[in-house]
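Protein chains: 4
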Amino acid sequence: MNTFEQFEKNESDIRSYCRSFPVVFKQARGAELVTREGKSYIDFLAGAGTLNYGHNNPILKKALIQYLEDDGITHGLDMYSDAKERFLETFNRVILEPRGLGAYKVQFSGPTGANSVEAALKLARKVTGRSNVISFTNGFHGCTIGALSVTGNGHHRGAAGVPLSEVSRMPYANYFGDKVNTIAMMDKMLSDPSSGIDKPAAVIVEVVQGEGGLNTASADWMRKLEKLCRKHEMLLIVDDIQAGCGRTGTFFSFEEMGIKPDIITLSKSLSGFGLPFAIVVMRNELDQWEPGEHNGTFRGNNHAFVTAAAALENFWADDTFAKSVQAKGKRIADGMQKIVRKHGPDSLYVKGRGMMLGINCPDGDTAAAICKEAFANGLVIETSGNHSQVVKCLCPLTITEEQIDKALTILDAAFAKVLGDQVANQAS
Amino acid sequence: MNTFEQFEKNESDIRSYCRSFPVVFKQARGAELVTREGKSYIDFLAGAGTLNYGHNNPILKKALIQYLEDDGITHGLDMYSDAKERFLETFNRVILEPRGLGAYKVQFSGPTGANSVEAALKLARKVTGRSNVISFTNGFHGCTIGALSVTGNGHHRGAAGVPLSEVSRMPYANYFGDKVNTIAMMDKMLSDPSSGIDKPAAVIVEVVQGEGGLNTASADWMRKLEKLCRKHEMLLIVDDIQAGCGRTGTFFSFEEMGIKPDIITLSKSLSGFGLPFAIVVMRNELDQWEPGEHNGTFRGNNHAFVTAAAALENFWADDTFAKSVQAKGKRIADGMQKIVRKHGPDSLYVKGRGMMLGINCPDGDTAAAICKEAFANGLVIETSGNHSQVVKCLCPLTITEEQIDKALTILDAAFAKVLGDQVANQAS
Amino acid sequence: MNTFEQFEKNESDIRSYCRSFPVVFKQARGAELVTREGKSYIDFLAGAGTLNYGHNNPILKKALIQYLEDDGITHGLDMYSDAKERFLETFNRVILEPRGLGAYKVQFSGPTGANSVEAALKLARKVTGRSNVISFTNGFHGCTIGALSVTGNGHHRGAAGVPLSEVSRMPYANYFGDKVNTIAMMDKMLSDPSSGIDKPAAVIVEVVQGEGGLNTASADWMRKLEKLCRKHEMLLIVDDIQAGCGRTGTFFSFEEMGIKPDIITLSKSLSGFGLPFAIVVMRNELDQWEPGEHNGTFRGNNHAFVTAAAALENFWADDTFAKSVQAKGKRIADGMQKIVRKHGPDSLYVKGRGMMLGINCPDGDTAAAICKEAFANGLVIETSGNHSQVVKCLCPLTITEEQIDKALTILDAAFAKVLGDQVANQAS
Amino acid sequence: MNTFEQFEKNESDIRSYCRSFPVVFKQARGAELVTREGKSYIDFLAGAGTLNYGHNNPILKKALIQYLEDDGITHGLDMYSDAKERFLETFNRVILEPRGLGAYKVQFSGPTGANSVEAALKLARKVTGRSNVISFTNGFHGCTIGALSVTGNGHHRGAAGVPLSEVSRMPYANYFGDKVNTIAMMDKMLSDPSSGIDKPAAVIVEVVQGEGGLNTASADWMRKLEKLCRKHEMLLIVDDIQAGCGRTGTFFSFEEMGIKPDIITLSKSLSGFGLPFAIVVMRNELDQWEPGEHNGTFRGNNHAFVTAAAALENFWADDTFAKSVQAKGKRIADGMQKIVRKHGPDSLYVKGRGMMLGINCPDGDTAAAICKEAFANGLVIETSGNHSQVVKCLCPLTITEEQIDKALTILDAAFAKVLGDQVANQAS
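Going down the list, the protein sequences come from chains A, B, C and D. Going by numbering that gives the first Met the number 0, the first sequence opens with residue 0, and the numbers climb by one from there. Going by numbering that gives the first Met the number 0, the second sequence opens with residue 0, and the numbers climb by one from there. Going by numbering that gives the first Met the number 0, the third sequence opens with residue 0, and the numbers climb by one from there. Going by numbering that gives the first Met the number 0, the fourth sequence opens with residue 0, and the numbers climb by one from there.
Bound conformation, chain A alone:
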């Protein structure tokens, strides 16, 4: 049997990341992935933002093993459990209260980001009695039908098989360039009773569009968006699934912008350990759910409660971690700027914020070739963006400076190789 025969024979052709990284991974620690054969890779993908604290973080791992050894509840539906209480208490004390969000409540939706988006949309529609929702160009919110309806990606939308309705698509910040005020555009359409845009229940937005290509919304744009929501009585849903949990240098991606979303969705790095976990955080007064209206089997993933509480306690009790993220973000951005200046000052540019960064390439083929070359040299890295043209760096926030530098060196070489080859090809 060849290395991948089992997968090729038994797993659906839908598998995709494995096509970019044709090895079988076995172990992982911090920012490092190790194959079955023992080959080691620096992880600049980090579970697409799910492993902010690295693989198998020892503190979290210890807590989880202890919990297992104690026969702690693993699966608890939405029953009360000791582990859930601890998570709630920690999340409230460490995250919500210090950020002025003490009066928010937590819904344990199903354990996926898509599920928390589905729950958030349902709640917004229920509370407002409206069905239309505004979502943005290049937004990504998940692949279940409700979440997919607000997602922009055509590849995913094309597989829906049913109409994706009750959504008005609007241009994201700077979608039409710096000079076009997309908030004013929305305001005009929403203020016009004959624009054809039915009054929305909510706006759902990512502060940094991870899958969409690391497009960022400025604090100013977000504040105007919040005002727009107030003016037109729409709820503001921030999908912080990828950009949250510290990725941008603060726990929430929006917390230094002076806004208060009505609803926040969190998942990915929330468990801190890569375990499926998602929540909806909502203003107290929006909690108009009836018991059990939105349910699901895995709402009570207690392992995730355990590692999440440990992660919050360990990383967010003071601002040490946040500051280190900001510093590392700067280190990576600087390194990327160097690459850009060196290899393609006219055709390349850096995108993103915090440790959610990427280099925009002229096209998807170039970006793919760079990632492939980097992988050959020991770096797991992927693309994102509407044309898959952005080489996206999403390493664990706990990565060391040495690992960052090593990864950037690999990346630099990959850009040199690929862009150099292109020049050579054009010349020939």
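Read the hints as simulated data drawn from the structure, not as lab findings. A couple of the hints might just be wrong.
The list treats identical chains as one, so a pair stands whether inside a single copy or across any two.
What the hints assert, rightly or not - Capping the alpha-carbon separation at 30 Å, the derived lysine-lysine pairs in DSS-like fashion look like this: (1) LYS223 / LYS329; (2) LYS8 / LYS226; (3) LYS322 / LYS416; (4) LYS125 / LYS8; (5) LYS371 / LYS337.
We have chain A; now place chains B, C and D onto it with these hints.
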């Protein structure tokens, strides 16, 4: 702070099971749940069918701790991992091959049942190019919009906030009683070009309707349904999320019926440990997915791969376990029949199959009162059904005979108390 | 230029009736159509039920010419006009009041049946705040998207291009034969909170399904349906577009059944002259429209008001006309029974009610061949039904007995020829 | 009985124009409406653009009376009739051929504009296999569900009762002012595979938005729109229901712009006499309809064929009429400019094109007051626009110069009175 204050203050009012079981659980072993205060309960709910092998099964637990200690990959998107390969190999060898399903493939959808239903519906619509789907009265398939559209439950449907479209609802087996052939009805409507039922992509069906109240489809009905699917070129999707993984006495609920579904969804007890995990199993030739068309962050929950492989190996390598399930199922059914004969031969009856059993009460209030009384006496048990009128026994398949008997004794007393009180009230 | 070249060159291929009757008609009087070449045909199609009072009825024609000569308003949007007032007064006095419907109001929707159906559905949804609607197998209500969603015909549904949603399809009276009570079925599903049938705003039903193949609902079934509507707080919409205006022997098709629909749609023969005209008749208290909520350019077709008022006055002021319709209906039915007994007592049967009658053939090809043969001999007649298997007799209600007899003779010969040829073919 | 009692008692409250013009009209000739009491009004509403050739045009009236006296076919479903052939021949010879549209075909949809829009959308979706359609802010296309989905008006949309889906709403020409290129915006979104705008089947556009407030698209914008359609393989549907039939000074509103729509809808003034009539005109190769796929009872309104053919022959055989329309349009525009300069150079401005003109007022209340005052002085005139803020002049194209001048004098006085009163009120 009172016992539940943290939850009441910070958790959304949507929480529901905790309202029936107002205690804080801390530990669990096998068929036993233990509160923070050390009080022990027999678990006749079992995570709504998620804990077929009991809480913290020692074999699975050992495998998981070992995996953690070895720094095995936890989160792997859909990259190749050692643990995934082992799961695939084991599932194929132990489950699919022996059941003549060797030519089926596995899709790792998101880790919830709802997500696997969403993926199955998308695939069926893609493959057939049609959008309508047939689902059944009292069917339950999940709460994300795609899954909710095929779910019957009005409480959940009412919270959708958007139209639930592209579904034709049909009467389940025996929905109109023994004498009405619901397959013939469907055939007539599907054969009539002006019936208004657009040609469906698929039929989605549960062989036993867990949430719907333990309604069962006979082998004969299922075979006719399969034929109907062939005749009208619809795919047959069996949602075996609750009834599968051994619950009815065989791994799949349908495997002794002589049918071969086109697509099967599995979740709940698949990981064997209560960890979020779900798959779509499909005929080889239906695997027409393009890479990444339906994706999600937690498709690669490697902890679940580890426990699932261990569970399959441990419980399904031979037929010992299946036989014990069948025997225990009989024991429970017999016990229930006794309760029925004793307390309400005219108003009560036993429903279900295998270890998926329940007693149908005259109404939901009665059933709720019985569950409440049982809980007061040490038994965690819940209702299901369209009027929540079925007292549902869904204990771990690994439960001991002693535990069964003890639970039935508690249940017997609860029926006596509640029905006795009712008689007393009516007399007064 | 050949006879049809202009049509073939300039008219869309969507044209259809002209394919069955490949001649160019020029004039028409009563039950007679005359081609450009002067050939005369008896009209057993009557504009698919639009010409109940015959072509160019002299009384109506005179009124219309007079109105034209007086420069009466032709097009009046929904402004007040003398002609509209006269129609309203006449309709109320001659039709509504004597039938106990004096407290109903009239909405002038757009001048097509489909438009009145769209308006009726909107109103029902608005008044009840629900969106689901029940419609029946083989029901036909029009081809605009709202009307099409409640129509059963697959050929028309297939051309929608968008989802036809918010409709639950139910079996019509006797759809599953005499012994299956389809009202009880609906009641069970509507009473079951988990059936998946969302609480409907309304039921829309034809008392005789014209396009569906002359299926009839009994008075008993209609009364039970009315009760079902009251029980589940659904509005009862009777689409009397084809079966109304006297076609069944009374002005409304339901008026001897002892029911009072909440909403009635009328069109086709309402103008009495073949002019586009449609109205929605509703219980007073359901008239919750805001001004202009549903509008359209041709709501005020004053020519139709003029001819409609004249028709009502002339035909419905007393019961003479109704009685003659009943008598002629019997004459036609008797004639058809003779044909059935003579040519195919085992394979043919008579369907319908009043002067809305047809002979059910074994298949659509046979029915088409019979119509073709009849046309060759001077009779314009068409098929209906889900397999186009019903030879449908829908002659003007003003047809003479001689014309009836002549038409039946032609029909008899056509059955003889076609069925005889079939026997001959089978024998050879 | 008071003057309106019959209406108030028997007609639905949905009636609307009659509220602005509380009189009962009885006769009409040319640009004049006459009440039952003999009071005469100049008609600046003209059936909302349905009476381009005036009321009861004598040539058309004569043709219709003659046809009636000859017992011509009135109602012909979609059978071949002499009158239909004559219409087709005339329309092709007089309109299509000279405009380079000889290879287009005509579909006789139901006789309302909404129905032709429904048919056009169905056809576009069928031909392209896509379901999304682009429509514009402030577009108006009708009130049946399919047509309503592309309509912008919130009042009408709000009455839908069902989701209006499969439409992407885009900003019309100049919607965001002169400096924002809305074509470039659309191009960016349509070129972006992750914009969330699913590839559209078609764009539906009005060259002048009649109900939307007389917004005009320039020739340059329309040409760019046509190019955009070609680039993204979308069909270009021009809804010329209100702006067509000569209203802008040429038969089609777009014919001097150098574009060729794929599909054109016509209705309103098409019959020339105010009779219900609508057609879909399509490129030959798009005529992929199967016989009868979209049908309706009143597709063959032969009276309308007769008057339409007469109107085309009489008004469009040479360019005399078109030139007179252009001249009258200038006369009205000049008169309006005078009103604007006199009464509100800062707050009023003239909008529109050809004889489709209006004065934009600061708000809807002002516009309504002006129309009310004008009506009191003998002028029937209405508002349009998203805030009903445009006083809209839509008189018959056959109006005399004297009538124009008289109407403008009344209008001038109404502006003086209403704006003068406002100044007085503010001062007091």
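Now the hints, each set against the structure:
Taking the closest pair of Cα atoms, LYS223 and LYS329 come within 30 Å of each other only inside a single copy of the chain (27 Å); across copies the shortest separation is 45 Å, beyond that limit. In the homo-oligomer, the alpha carbons of LYS8 and LYS226 lie at most 30 Å apart only across protomers (28 Å), although the nearest pairing inside one protomer, at 54 Å, exceeds that limit. For the homomeric pair LYS322 and LYS416, neither the shortest alpha-carbon distance inside one copy (34 Å) nor that between copies (62 Å) is at most 30 Å. Taking CA atoms no more than 30 Å apart as the test, LYS125 paired with LYS8 passes between copies only; the shortest distance there is 22 Å, against 45 Å inside one copy.
Only within a single protomer do LYS371 and LYS337 lie at most 30 Å apart by alpha-carbon distance; the minimum there is 21 Å, versus 67 Å between protomers.
Of the hints listed earlier, the one the structure fails to meet is number 3.
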